[in-house]
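Residues per chain, in single letters:
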Amino acid sequence: MIVTLTHFALDALALACLVIGLGFTLIGAIGVLRLPDAYHRIHAASKCSTLGLIGLLLAAMLHLGQFDGGAPVVVKSIIALVFACVALPTGSHILAKASYKDGAPMYPPTHDELAKDRT
Amino acid sequence: MTRRLLQLAAFAMLVLVLHAAPDSMLTWDAAAAPDAAATTDAYGSTDDVMLTEAVTRSPLRTPIIIACGVGFIVLIIGLVLCIIRTLLGPHVADRVVATDLITIHITALVVMLTIRLGKTEYYDIILVVSLISFAATIGFAQYIAARTEDEASQARRQAEHDIDHAHDPNPDATPTTDAAQPHATP
Numbered sequence: 000m001i002v003t004l005t006h007f008a009l010d011a012l013a014l015a016c017l018v019i020g021l022g023f024t025l026i027g028a029i030g031v032l033r034l035p036d037a038y039h040r041i042h043a044a045s046k047c048s049t050l051g052l053i054g055l056l057l058a059a060m061l062h063l064g065q066f067d068g069g070a071p072v073v074v075k076s077i078i079a080l081v082f083a084c085v086a087l088p089t090g091s092h093i094l095a096k097a098s099y100k101d102g103a104p105m106y107p108p109t110h111d112e113l114a115k116d117r118t
Numbered sequence: 000m001t002r003r004l005l006q007l008a009a010f011a012m013l014v015l016v017l018h019a020a021p022d023s024m025l026t027w028d029a030a031a032a033p034d035a036a037a038t039t040d041a042y043g044s045t046d047d048v049m050l051t052e053a054v055t056r057s058p059l060r061t062p063i064i065i066a067c068g069v070g071f072i073v074l075i076i077g078l079v080l081c082i083i084r085t086l087l088g089p090h091v092a093d094r095v096v097a098t099d100l101i102t103i104h105i106t107a108l109v110v111m112l113t114i115r116l117g118k119t120e121y122y123d124i125i126l127v128v129s130l131i132s133f134a135a136t137i138g139f140a141q142y143i144a145a146r147t148e149d150e151a152s153q154a155r156r157q158a159e160h161d162i163d164h165a166h167d168p169n170p171d172a173t174p175t176t177d178a179a180q181p182h183a184t185p
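Going down the list, the protein sequences come from chains A and G. Numbering-wise (numbering that gives the first Met the number 0), the first sequence opens with residue 0 and increments by one. Numbering-wise (numbering that gives the first Met the number 0), the second sequence opens with residue 0 and increments by one.
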């Protein structure tokens with residue numbers, strides 16, 4: 000295989016996506032452990048995990064998709080990417096709604112604007 | 000204190016084991032593998048072997064391998080943090096969120112493994128794990144909401160019972176009208 004500029008650029012892009020995805024995933028995990036209440040944890044988990052997963056899938060797609068036989072990786076990456084973009088925020092939203100309905104304890108400085116609607 | 004020490008010991012053991020793993024377990028030696036003619040299936044497909052050989056000649060392969068080695072350790076640290084939150088979480092939602100994040104870490108580990116080995120055989124796992132994770136999150140959210148509705152309807156029925164029988168000389172009598180509807184319609 001001749002090393003061309005295209006392969007080098009795709010690999011550099013894949014490396015950048017890999018580092019960004021790993022950073023977001025680690026920040027999400029630290030946030031889930033350290034943040035004070037369930038709503039903060041849902042916030043950290045949904046956003047950071049979505050971005051981290053997108054970065055890692057893009058890295059796999061860019062790095063392995065440039066070779067012969069890498070087409071399954073590209074197709075499955077696109078499917079997983081679309082599914083992650085749809086499913087992870089939806090699941091987090093439903094979970095946050097359910098935990099608010101359940102009355103999960105809130106971090107005391109939180110200003111609950113919906114409190115007057117609750118009986 | 001003992002609990003903290005146990006957690007730290009488990010964490011250190013995991014990091015050590017997985018730090019030692021990449022040399023022995025995660026190296027895909029193309030020379031040691033069976034040759035391409037032996038691994039062809041009934042359709043004569045040799046795609047994975049070709050992919051492995053092509054990936055080893057990629058221009059920025061070495062930095063990506065190093066990033067994968069760091070990434071395994073990062074993902075294992077995140078996995079341990081999520082497991083600690085799953086064990087500690089005071090509310091059910093905390094545990095569900097931590098379990099969701101554990102599945103996402105498993106997905107990320109499989110993606111890193113695919114990049115590291117240059118083999119596409121494990122890549123189906125991410126679709127299955129994503130689907131199961133989404134279904135489990137929705138199911139647990141429904142469970143939390145349904146549990147709340149049950150408790151709220153029970154509390155409301157109890158309150159109505161208390162109001163109805165405030166001056167009743169026999170307060171332990173079972174309410175006849177409320178018992179006819181054990182489940183409140185949502």
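By construction, these hints were calculated from the structure, which means they are not laboratory data. Check the hints yourself; a few may be wrong.
[Stated by the list, open to error] A short list of chain A residues far from chain G (calculated; beta carbon distances all over 12 Å): (1) Asp101; (2) Pro107; (3) Pro108; (4) Thr109; (5) His110; (6) Glu112; (7) Leu113; (8) Ala114; (9) Lys115.
[Stated by the list, open to error] Which stretches of chain A does chain G cover? Using the computed rule of at least three CB atoms under 8 Å from a CB of chain G, they are: (10) 5-17; (11) 24-35; (12) 40-54.
If you're wondering where the values come from, they're calculated on a predicted model, not measured in any experiment. Idealized CB from N, CA, C, for every residue including glycine.
Nearest-CB test (12 Å) between chain G and A/Ala114 = Holds, since 16 Å exceeds 12 Å.
request  = With 12 Å as the threshold, tell me whether A/Leu113 passes as away from chain G on beta-carbon distances.
outcome  = holds, 15 Å
task = Find the nearest Cβ of chain G to the Cβ of A/Thr109 and say whether that gap is larger than 12 Å.
result = At about 15 Å from chain G, A/Thr109 clears the 12 Å cut-off, so the statement holds.
task = Between the stretch 5-17 of chain A and chain G, see if three or more residues pass the 8 Å beta-carbon test, and mark the coverage as holds or violated.
result = holds (count 7)
query = For the stretch 24-35 of chain A, do at least 3 residues have a Cβ located nearer than 8 Å to some Cβ of chain G?
reply = holds (count 7)
request  = Please settle this one: A/Glu112 was flagged as non-interface, so is its CB more than 12 Å from every CB on chain G?
outcome  = holds, 20 Å
inquiry  = Minimum C-beta separation from A/Pro108 to chain G exceeding 12 Å: can you confirm that?
reply    = About 18 Å separates A/Pro108 from the closest Cβ of chain G, which puts it past 12 Å; holds.
key: Non-interface claim for A/Pro107, where every Cβ of chain G lies beyond 12 Å   = holds, 15 Å
ask   = In terms of Cβ atoms, is chain G entirely out of 12 Å range of A/Asp101?
value = Its Cβ does come within 12 Å of chain G, the nearest being 4 Å, so this is violated.
inquiry  = Can you confirm whether chain G covers the stretch 40-54 of chain A, using C-beta to C-beta distances below 8 Å and requiring at least three such residues?
reply    = holds (count 6)
message = According to the definition I'm using, a residue is off the interface if its beta carbon is farther than 12 Å from all beta carbons of the partner; does A/Lys115 meet that for chain G?
response = holds, 17 Å
inquiry  = Would the non-interface assignment of A/His110 survive a Cβ cutoff of 12 Å against chain G?
reply    = Label holds. Min Cβ-Cβ 20 Å, cutoff 12 Å.
Comparing the model with each earlier hint shows a violation of hint 1 alone; every other hint is respected.
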